[in-house]
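Novice: For chain A, the structure is supplied; the task is to place chain B with the ligands on it using the hints.
First to last, the sequence lines map onto chains A and B. Residues in the first sequence are numbered from 1 upward in steps of one, following this note's numbering. Residues in the second sequence are numbered from 390 upward in steps of one, following this note's numbering.
Don't read these hints as lab results, they were simulated from the structure. Take these hints with a grain of salt, some might be off.
So, partial list: chain B residues that the calculated Cβ filter (under 8 Å) puts toward chain A [claimed, not checked]: (1) LEU592; (2) PRO593; (3) ALA603.
Not everything, but these chain B residues come out facing chain A in the computed CB check (under 7 Å) [claimed, not checked]: (4) TRP595; (5) ILE598; (6) PRO600; (7) GLY601; (8) VAL602.
It should be emphasised that the depicted structure is a prediction, and the values quoted were computed from it without experimental measurement. In this text, a Cβ means the ideal position worked out from N, Cα and C, and glycines have one as well.
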Amino acid sequence: MVVKVISADHAVAWAVRLAKVEVIPAFPITPQTLIMELLAEFINDGELDAEFIAAESEHSVMSVAIGASVGGVRTFTASSSQGLALMHEMLYVPPQVRLPIVMVNVNRSLGAAAGIWLEHNDSMPERESGWLQCYVEDNQEALDMVLQAYRIAEDERVMLPLMVCLDGFVLSHTVERVEVPGQEEVDYFLPRFRPCVTLDPSEPQLINPIVPPDYAMEMRYQLDRAIDASRRVIAEVDELFGRTFGRRYGGLLQTYKMEDAEYALLSLGTVTTTARAVVDELRSRGEKAGLIKLRFMRPFPEKELKEVTKDLRSLGVFDRSLSMNGFGPVFTEVRGALSSSGIALSDHIGGLGGRDVTLEHIREIYSDIALGKAVQDGANWYGLRRRRK
Amino acid sequence: MGARLFEVRFHGRGGQGAVMAAQTLAEAAVLAGYFAQAFPYFGAERRGAPVKAFTRIDTKRIALKSQIYQPDLLVILDEGLPSIEPVAEGLKPEGRAVINTSLPPEEYDLGVEVECFTVDATTIALEKLKAPIVNTSILGAIARAQDMVPLKCILDAIMDKFGERLGERAAKANLEAAEAAYSQVMSGRCRGERILRKGQQWLPSWEDIPPGVALIVGSKEGVVIGPGSSWQNFTGTWRTQTPIYIQEKCVRCLRCWWACPEGTIKRLDDDYMRWDYRYCKGCGICANICPAKAVEMKRGTKEW
Ligand code: SF4
Ligand code: SF4
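In isolation and in its complexed conformation, chain B is listed as follows:
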């Protein structure tokens, strides 16, 4: 076996299990006789935020501790991510992609045209696990997309990792999800029409950073401007469900206004509320906290 470095980059959202998937793949690689490491990169540490995780596999001891910029394999746990982040950036031309989508590869626009494996991991997860945690289904698909780590090692690693944390029954359900995904994978070449566009980025030089670590808040607007703030982070793109405000029911207690972690909810002069959906990540805290049931969560990203 010649020396071979194989690098995998996972893109998901906080809560989908991308980190666990990366770790499980590393464990499977070790079971298959390789050296491996897995690590996360958290941007904003919040549910719904895009997260990255990395797995590095090699035939010899791994001498790198940096992130992965030119992956051999790209794994996308949320099919909507490419429209908000240039996830395919750096993927090697001969690299491959595994994507959680119901579309066949030929209909999926990743932004680069590569060999692609698609699987409807969300449906599989909902059926086998009764929750949209897609990491084990995606691992089944990964077994089809590369030739270093076989399905058996991946299943053993799932059993070990998930069994340890969730007990044997839950681990078995995860095995079934992985196996189902393995058999349902569609392969082909995805489309590369989308332009890989960086998000709204503000990367000032040291001279241009305003001195003093302070962020200006547009008072009632509530949206923070400055390093790492909502100004660059349109948290609204994280949303999969959307709060609907029913003004007739609102008793103007201001609880939602206080509790919203994103500064989405604006307080109007008459103490009624207005939602700025550019920043609503759909976490549902406002609906939960409202004593008058004046906020209802609806599936989808429609704005009301």
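Chain A with its partners taken away, still in its complex shape:
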């Protein structure tokens, strides 16, 4: 193990190197570029024995990744925003064909009101694609999750692609202390990739053919069950990771001071760090505040969420994107999971298009949750300029 002070993008590149990934198709897009630059350097310097394929678009990137994975080799790619959108069509292939590709999406706002800055509206729409999807909080978790991702994705009970999402700039370009594990430890943690579906010239197969109505429904159901089966594997892998490297993340979600909490915020990504500081402040004043860090959007931890919230009076949900139904996607899913809980639920939106989320915003969010400021006509927005009354 060595300690480095590096960005989340570089932490990811280190994880990919340690995972001995063999094929890396890529197309550059800010703020993902740092990952690919460092990986290209590793390959150039002979420190990573991988094929780097500069494709002509993200659509092709995913096509190449599919080809590589079905060829039986460990495959990695990364994208962001418009790039992920261009990949959308091909994203639906790996889940159903059961190809455990790992991709990092560096979250960046998508579409008009364009920018290069952080928002979760690029990855959130891909919840329906069949990819497992997780969100990380800091650079160490970015590195650790890429390693965990291969172990989860390639488990024979799962065999699904996994998208690790990390906040653009707030993580991708921010340097922090990161423990980079040794190769031997990683080799112990991550066994060789044994594919489920392969293209092998000596035993020709056809993948992804047209499927008539007689079969497609069974295939969809089977995919949904595989995503469900990943819950157990995610928990197991986190435990094994803890035993190997001494760091655990809680699997689908992680709680902070929830034991006797009366009200709490559920957050994902980097905002969790700031929220932790606010919980400490509130606790020092005797307030019974707690925090739930949502780590996975797919599979969505419905059961776990019910369990950790059962004694709460009110729960606020932080969203860094919109579902265009007055709420954000995380809130919409949480409300679905807790619809019969009787807990006062509220949605708290902030940080869209890269707007900074400050300590002050989070304090305000907690005080709104404490007051049980439940939703009347939609979400509560923070940092939004309004006309003076």
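Specialist: Chain B with the ligands in isolation, oriented as in the chain A frame:
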């Protein structure tokens, strides 16, 4: 007029005009003052493949968007279909059938004994249209087989639909075909001796579907196994003409082997070819593409 739902199921092959027939019947029904809808169901989207089309007619607004499983009227555009598919399945006992065949109803075995109307639509079509497109002839016969949509409305609908697409002259030829069929229809009761047998079907539960959408190919054999593949689909039953391979002329260019859409043609170790007629649908692509004229198409389904 009391409320009445009347459902028609057409069975034909890709290219015979079953869909157009269903649509024309729907238009005729609307002209006759009813509500109507028509829609196709394509299995394999390929020429020669069995296709289904549906027409639903009602005295009130139609509140159904599903396929038809218990038709009042069955229309069969290719007389050979009952031997490869259980086409008569679900036909109501009091239902009727219209069949394109030169046989009188009493000699035709549909698999259920019902009131039946037969007409040699292929001969009529070849004579009037110079092509074996039987849909308009069959529409003439349909006018005789039910009492909701009269011949006049069917003729008007043909004129409108075919005139729009093919011009007035061609539409007139189609009218003549329909009228000829109307007057030549033989009626009676067909035979119900054939056992309605489902084709070779593989319908696994979700647990039994192999994970990952992949089909294993028997390499040189070239035949795909898996959902919707030739394994269940003996495309050879679609054939009305058959390629004959003349090995002496073959220059082993492999073009036919590449081009055959069904994986029928096997490449032997010496690069000569062998035909697996279970899968040859008789499309003629191999004969067309062969530079040495080493493949000839012959009428019929004989295997050479
Ligand atoms: S006619 Fe020729 S090309 Fe067509 S299916 Fe038969 S062998 Fe193949
Ligand atoms: S295309 Fe004709 S010449 Fe070429 S391999 Fe086929 S049969 Fe032989």
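Novice: Of the hints given before, which are not true for this structure?
Specialist: Violated: none.
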